[in-house]
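*Asks:* Throw the hints in and build the complete structure from the sequences for me.
Chain by chain, the residues:
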Amino acid sequence: MRWALGARTALKRVPLDMLTACFDRRSGMTHLLAAPAPELLAALAAGPADIALLLARMGIADADAEERAGLEAHLAALEAAGLVVRA
Amino acid sequence: MRHVFSVRVGPAGFRVGSDWRAPVAALEALYAGYPKAGIADFTVRLEAARPWRRWIRPSVTIAGDYMLPDAVPLALRHGLLAAEMGMNLQMALGARRWLLLHAASLERDGRALILTGASGSGKSTLAALLGDRGWRLMGDEFALIDLANGVLHPFPRPVSLKNAAIALFDAARLGPLLAATPKGDIRHLRPNADAIARMAEPAAPALILFPRFGHAAAERPVAPSEVFVRLTQASTNYVALGEAGFDALTRLVTTLPARAIDYPDADSAVALVERLWAAA
Amino acid sequence: MSAALLVRALRDPASVTGLSADAWAGLIAAARAEQLAGTLAERLHGLPLPDAAARIMADARFAAGEGRRAALWEAEAARRALAGLGVPVILLKGTAYAAAGLDAAQGRTIGDLDILVPRAATGRVEAALLAAGWEWMKPDPYDDAYYRRWMHELPPLIHHARDRMIDVHHTILPPTARPVPDADALVAGARPIGEGLHMLSGEDMVIHAAAHLIADGDLSGGLRNLWDIDRLVRAFDDDAFWPRLAEHSRLHGLTDAVARALRLAERLYATPVAPALAGRWRASDTLFARRLLARDGWGRPVRPLTRLAFYGRSHWLRMPPALLARHLWTKWRRRG
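Residue numbers (the working numbering), protein chains in the order written: chain G, 1 to 87; chain E, 1 to 280; chain D, 1 to 336.
Keep in mind that the hints were calculated from the coordinates and are not lab data. Using N, Cα and C, we set each Cβ at its ideal position, and we do this for glycine too. Incorrect hints may appear among the rest.
Derived Cβ-Cβ restraints for the label pairs, each shown as a range [claimed, not checked]: (1) R8(D) - R2(G): 52 to 62 Å; (2) L177(E) - P175(D): 54 to 64 Å; (3) K183(E) - A145(D): 38 to 48 Å; (4) A29(E) - A76(G): 55 to 65 Å.
*Replies:* Shown next, in the form of C-alpha cells:
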C-alpha cells in the first residue's frame, strides 16, 4: 500500500502543545493533529511512499508489526480527513 | 414594513422592521442614546407568519437576511426578545469581518478580558457585575476579534439577565420584564453611559477565562490546544472564515494566558477575576 | 421596492451612484434574499461606494470566495470516492462554473454539490459514496421510493463529517415531466475540466439552466439562475454556439424553455441573444418577469398570487395530474 499527500494539499501548521493546529488551504478545513500525524505528513512531502519507506524517512529503524499497523491506521484516518490519498 | 428601528452597536448597524409598533417602542427605549445605523449591515424582520397573526393571538416570526428554518415564533409580548434574538442571529450567521466568540468581554486600562462559556455558565451576569465595578463592558453575548490584528471590538448590546440575576441590578437600568419566555423570566440591562459612549474604542485582549457558576471556588490553567478546541466550539463563524479565522484563533491561543474558574457566587467570582487579572 | 433595483445594479453597476441609505439597505436585502450578494459585490468591485456599503460588499466577496473553496473541495472528495468506478463524474451548476473558471462563477453562492452520472451507474455510485462517508438524509421509505422511481436524482446524501450534501442526478428533469431530455446525449457531450472532473458542453449548460428555471421549478432563485444564463451566453457567444444551442434544445425538447429564458435574460440583464432563437416577447413573459421580480426592499417575497400560480405550476410540470394527486394523498395520509 503506497500513500501520497493529496494533490495541492497545502498545510499551514501552528504547534500548540501536544497537538498541532493545521489549516489546509485547499479544503479550507482545520485539523488538530497529534503525533505521529504531523511526522507522517512531513515524511510524505518527499513523494509517495509505503510504510517501509516512510519509516526510513522518519529515521525509525525498528518498528514491529503492531506499530506498522498503527501507522496504517493513522494514514487511513488522514485519508478520511482528505489529507492523503492512496497512490 | 410598517415600523422601523435603526441602531448601531460598536461596528455593526442593524435595521429592524416590525409589523407591530410595540417591539419598536421597546427597542427605542432600551437603546436610547445609541447611534443610528446609516446603511445597515444587517436587516431583521419581526413579522406575522400569516396576515391574521398580526391581530389574532399575535405571534412574532423572526426573519431577516439570515434565517433559521423551523424557527418557533414568539408571542407579541416577547417581541423585544424576538428582536434581540434576530440581531444575534444576523451576527452569528452573517458576520465575516471579525471572528465571533460566544463570550463576554470587558476592558480595563486598555486591555481586555474574555469570559467565554455557553449560555447558563453565568458569564452574562458576571460581565454585568464587573461592568459596574471598574470595568468597561464591551459586550456580553459576542466578542468580536479583529481578523487582521486580533484586537477586540466593543459590541455592547443590552445584557440579557435571567430569573434570579435580575434582582442584582437597579430597575432603572432594566428593560421591561419578559415573563415566562422559553428561557424563563428575562430583563435586559442597559450598559452604563461609559460603555455606550466608548463603543468605538477597541482593546487588546490579555486574558481568557472559562467561568463556571455554581461550584466551589477553583481555578486551573487551560492548555492552548484545549483553548483552541473550546473556542472553535464557542465560535459561530470560525469555519466560514477560512484561513483568516485560523490565523486569528491561533494568534489568540498562542499569545494569551487562559484559565478555567469555578465559583459559587458573584462576589467570589469577582474576587477570582481580579486576582487572575493582576497576575496576567 | 421590487428586485428591479437589484436587476438594474447587476446590468448597469454605475447606476448605484447616489443611492440613498434606505435604497442601499433595500438593494442589499434583496441581493441577499436572491443569493446574489456576492455577484452584486463582484459587479460593483472597483466603483466608489459609501464606506459602509463597500465593507458589506467586501464581506460578500469574501463569503463567496470561501464558499467556492468549500464547493470545489466537495467536488474533489466526490472525485476521490468515485475514482475507481470508470464512470464520468459530470459537475453541474455552480460547482461546474467554479471548477472550469467561468465568469458565471464570479461571486456566485454555491450550495450543494450536483453531479450527473449515467443512470445505469447510479447503483455503483451510490455504493461508493456510502462507503466513503456519505449517508442518507431522508430515511422515510415513501420519500425514498418516490425519489428513486420518479425523480431525476438519487435521494439526497450528506457527508457525515463535513455536513455537506451531494445530489446525484441521472438526467436534468424529472422523468415524469413533459420535456424528456436526452440524458445519454448530455453525458456523451460532456467535456473534461481537468483533474478527473467533467462538465456539460456549453450549450448543454445553458439548456440545463433554462430547464431548471422554466421547466422544473416555481422560479424561486430565478434571478440568480437567469444571471447564470447571462454569463454563460456571453462566455460562449461565438458563431458556432447559437446553431448548436438550437440543435441541442430541439434534441432535448426544451426549445420553448430556452427561448423564454433568453427573452427574460435579454429583458432583465440585456443579454446579447440570437433573435431567431429567442423569439418575440409575449404576454406570458410579463407574468414570468413579475414572478422573478417579486421581492421587496426588506428581502420579503411579495406578489403572493403570482407566486402561488407558479408554485402550482411547478408541481404540474413535474408530475402528471394523476401522479400528483396520488403523491399529495399519500403525503396527507402520512401526516395523520
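*Asks:* For each hint, tell me whether it holds in the structure or not.
*Replies:* Structure-based check of all given hints:
For the pair R8(D) and R2(G), the supplied restraint of 52 to 62 Å holds, since their beta-carbon distance comes to about 57 Å. Hint check: L177(E) to P175(D), Cβ distance near 59 Å, so the stated range 54 to 64 Å holds. Remark: the range hint 38 to 48 Å for K183(E) to A145(D) is upheld by a beta-carbon distance near 42 Å. About 60 Å separates the C-beta atoms of A29(E) and A76(G), a value consistent with the hinted range of 55 to 65 Å.
Consistency note: the structure conflicts with none of the earlier hints.
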